[in-house]
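Protein chains in written order, with numbering that gives the first Met the number 0: chain A, 0 to 385; chain B, 0 to 287.
None of these hints come from the bench; they were simulated from the model.
As the structure is a computational prediction, the values presented were derived from the model and not from experiment.
Don't take each hint at face value.
Stated by the list, open to error - Straight-line Cα separation of at most 20 Å, SDA-like style, residue types lysine to any residue; simulated pairs:
1. B:Lys-175 to B:Pro-201
2. A:Lys-287 to A:Asp-355
3. A:Lys-287 to A:Ala-357
4. A:Lys-127 to B:Ala-45
5. A:Lys-179 to B:Asp-143
6. A:Lys-242 to B:Ala-62
7. A:Lys-287 to A:Pro-361
8. B:Lys-190 to B:Leu-176
9. A:Lys-301 to A:Asp-135
10. A:Lys-242 to B:Leu-146
11. A:Lys-179 to B:His-134
12. A:Lys-179 to B:Val-144
13. A:Lys-179 to B:Arg-145
14. A:Lys-127 to B:Pro-44
15. A:Lys-287 to A:Glu-356
16. A:Lys-179 to B:Leu-138
17. A:Lys-301 to B:Ala-45
18. A:Lys-242 to A:Glu-377
What the hints assert, rightly or not - Covered stretches of chain B, going by a simulated chain A footprint (3 or more residues, C-beta under 8 Å):
19. 45-54
20. 57-69
21. 126-132
22. 142-149
23. 235-248
Cβ coordinates follow ideal geometry from the N, Cα and C atoms, glycine included.
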Amino acid sequence: MSKWYRENAPISASGLMDELMRLKRGSVTRRHFLGVTGLGLAAAVLARQPGLFNSTAYAADLGSTMSLATWPNYHDPATFENFTAATGVAVEVNVFGSNEEMLAKLQAGGTGWDLFVPTNYTISTYAKLGLIDPIDLAQVPNFDPKSQNIRFTAEGTVDGTVYALPKNWGTTGIAFNSDKIKAPVTSWKDFFDVAMGEADGRAMVHDYQLTTIGNALVSLGYSFNSVQPEELAKAEELLIKVKPHLYAINSDYQPSMRATDAWLTMCWTNDGAQLNRDMPEIKFVLGKDGGEIWSDFYAIPKSAANKPAGYALLNFLMDPANAVKEHIANGAPTTDSRVLALLPAEVTSNKIVYPDEASLTPLEFGAAVTLTDPARAELMARFKAA
Amino acid sequence: MPLTMTAKRNLVTTSLLAPAVLWLFIFLVLPFIAMLVFSFGERAPAGGYQPALTLAQYANLPARAAAFWNTLLLAPAGALLCLLVAYPAAYYLAVKANPRYRLLLVSLIVVPFWTSLLVRTYAWMYILGSRGLPHLLDLIGISDVRLLNTPGAVLLGIVYGYLPLMIMPIYVSLEKLDRRLLEASADLGAKPVSTFLGVTLPLSLPGVMTGVALVTILLLGEYLIPQLLGGGKVFFIGNALVDLFLQSRNWPFGSAIAVTLVVIVVIVLTIAMRIAWKVSGSRQVDLV
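Turn these sequences into a full structure, and let the hints guide you.
Printed below as a string of structure tokens:
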């Protein structure tokens, strides 16, 4: 075998083991080992990739694992694989069904999360309770405040301090299987009527006080964010009336909708887009009587153990080239004009993802008070325990 | 003064037991005391606990009456169903099965237990969901059957999940059964049925009681199966606790419910022990 052949061919598994054993026995130098196995070259190439490692010292501090707390079906798994390939840090993903659950974990302490995805209305409370760090923007060079749509991103800033960077925005609408349900579903009033009628035993509501109570309030003609005792009492009455007709109380409704176990559910934009893309018979509509518009953010818990990795992932996700893949996979609209410019036309023209302004008008952003209001918390618990 | 032999032995025993006692104190007694303290407190404005001295949480217990009712009804019902399935299985294993295959059969029951209950319950979600059994039923003309997220599914999940815990104690008590007693019973003219009712069943009762107590106590704290197979609608005390700590962030109320649950478990356990002791004591089971 000639020398040139050996130099250019990829090393075989047994060849690598031979060389590794020679290195271990001390019969070759580490430099020789890295050279013949190609590992040295690979490391050199990776180290020179801009954006992968900001500096060698920084890369050494990232550790080998980090933890992200987020929502069901909310990311492209390839994003984390790419991040791990680039940094060597594996991402452990924790999935939650409500912001209240995230708050409870943070209050109890020791979550182990290095980055998490809270929704707009929670950030002022997190900042006030001292549960999150202000964002050190110097560590997120990929974030550009000028390219952000302030309508969705304002709540990341509390009293002039940036506590959270935007992930995407969206709405909470109604998803229904049009093969199974013939009645038109265009409002939250329709939602609860159909749940007790044509979709008896096939409807799902979120395991989440904000949207389940909020949409019940909207169907009765009240504000999504109401904490008025008499309005909450009416909403509780409606929810307890509808409960025996429900299929499940669960925020992870995609599996049941896809299996056609459930035909009707409260649904977030991104899930609506994913369901409709894979099963066109599943439609997504916004309540013409109201409902929620939201934006989700990335924030760093004060208790995070591996903040360098948290920042590294945050910066990775803020890179428009990565963000655009996330948006195509998860189907939620972006707050970043740089990402919007990169998105293909079939995404930006999708009415589920980018609805017209008129259908957004009746929607409300969640209010901070609903997160900590004991009456709403107890109402939800009573509804579930009924 | 030099220590006497007895004193020395006591000292050794005490020092050997100390780690276990310390363990129990740190991980069982202290948390319980903390829970007791929490249960007399108040919910902090943003959720959590703030000190107070009030019985309000206990007064609020009726707000979770449905959860208590479901649990106190479904836990014994589940245990009883488990027993109905487990007894014949344990009897077959211990008495009828070919001893050559006994070990294999016992492992077939125990091995699934090594897999996480979560994974096995997810498997049931698939089997009971539209793409599982209802789909097969649809093929033979029975359409629109809904199995998942029903109380029936919860009971099935309970029986499936807890069966090994019921089979094993019964199997152990039956396995120790002295065959000569059965022969004596037959020699004295008893029919197989009367032998079973008069000899086998009473002698296996301690195993039955252990199984029932074990399964009932574990079921009182169950929350996974109702959540996954009941769709979060069939509510157990365990689910009420998860909700109060993880969503409502009402630690004092959650603690009050947990304390009440512990009291109930202690009562159930005491009753079960009394019965088991009475049954085995009065029958003079010195064969065991």
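Checked hints:
1. Proposed proximity of B:Lys-175 and B:Pro-201 is supported: the alpha carbons are some 13 Å apart, at most 20 Å.
2. Straight-line distance between C-alpha atoms of A:Lys-287 and A:Asp-355 comes to about 13 Å, which keeps the hinted pair within the 20 Å bound.
3. Our distance criterion of 20 Å between C-alpha atoms is met by A:Lys-287 and A:Ala-357, whose separation comes to about 10 Å.
4. Restraint check: the Cα-Cα separation between A:Lys-127 and B:Ala-45 comes to about 10 Å, which is no more than 20 Å; the hinted pair holds.
5. A distance of roughly 12 Å separates the Cα atoms of A:Lys-179 and B:Asp-143; the hinted pair therefore holds under the 20 Å criterion.
6. For the hint pairing A:Lys-242 with B:Ala-62, the CA-to-CA distance comes to about 17 Å; that is within 20 Å, so the pair holds.
7. For the proposed pair A:Lys-287 and A:Pro-361, the alpha carbon gap of about 7 Å is at most 20 Å, so the pair holds.
8. At roughly 18 Å between alpha-carbon atoms, B:Lys-190 and B:Leu-176 fall within 20 Å of each other, so this suggested pair holds.
9. Taking the CA atoms of A:Lys-301 and A:Asp-135, the gap is about 13 Å. The hint holds against a cut of 20 Å.
10. Straight-line distance between C-alpha atoms of A:Lys-242 and B:Leu-146 comes to about 17 Å, which keeps the hinted pair within the 20 Å bound.
11. Of the supplied pair hints, the one linking A:Lys-179 and B:His-134 holds, its CA atoms being roughly 16 Å apart against a limit of 20 Å.
12. For the suggested pair A:Lys-179 and B:Val-144, the alpha carbons sit about 15 Å apart, so the restraint of at most 20 Å is met.
13. Restraint check for A:Lys-179 and B:Arg-145: the C-alpha separation of about 15 Å stays at or below 20 Å, so the hint holds.
14. A C-alpha spacing of about 13 Å is found between A:Lys-127 and B:Pro-44, which places the hinted pair at or below 20 Å, so the restraint holds.
15. For the hint pairing A:Lys-287 with A:Glu-356, the CA-to-CA distance comes to about 12 Å; that is within 20 Å, so the pair holds.
16. Restraint check for A:Lys-179 and B:Leu-138: the C-alpha separation of about 19 Å stays at or below 20 Å, so the hint holds.
17. Distance check on the hinted pair: A:Lys-301 and B:Ala-45 sit about 17 Å apart at the alpha-carbon level, within 20 Å; holds.
18. Restraint check: the Cα-Cα separation between A:Lys-242 and A:Glu-377 comes to about 16 Å, which is no more than 20 Å; the hinted pair holds.
19. Only when three residues or more bring their CB closer than 8 Å to a CB of chain A does the claim for the stretch 45-54 of chain B stand; here the count is 3, and the claim holds.
20. Using a Cβ-Cβ cut-off of 8 Å, 4 residues of the stretch 57-69 of chain B lie near chain A, which meets the minimum of three, so the contact claim holds.
21. Counting residues of the stretch 126-132 of chain B whose CB lies closer than 8 Å to any CB of chain A gives 3, so the stated coverage by that chain holds, three being the minimum.
22. Given as covered by chain A, the stretch 142-149 of chain B passes the check, having 3 residues with a CB less than 8 Å from a CB of that chain where 3 are the minimum.
23. As drawn, the stretch 235-248 of chain B meets chain A at 9 residues by the rule of a beta-carbon pair under 8 Å; at three or more, the given contact holds.
Against the hints set out earlier in the document, no violation occurs for any number.
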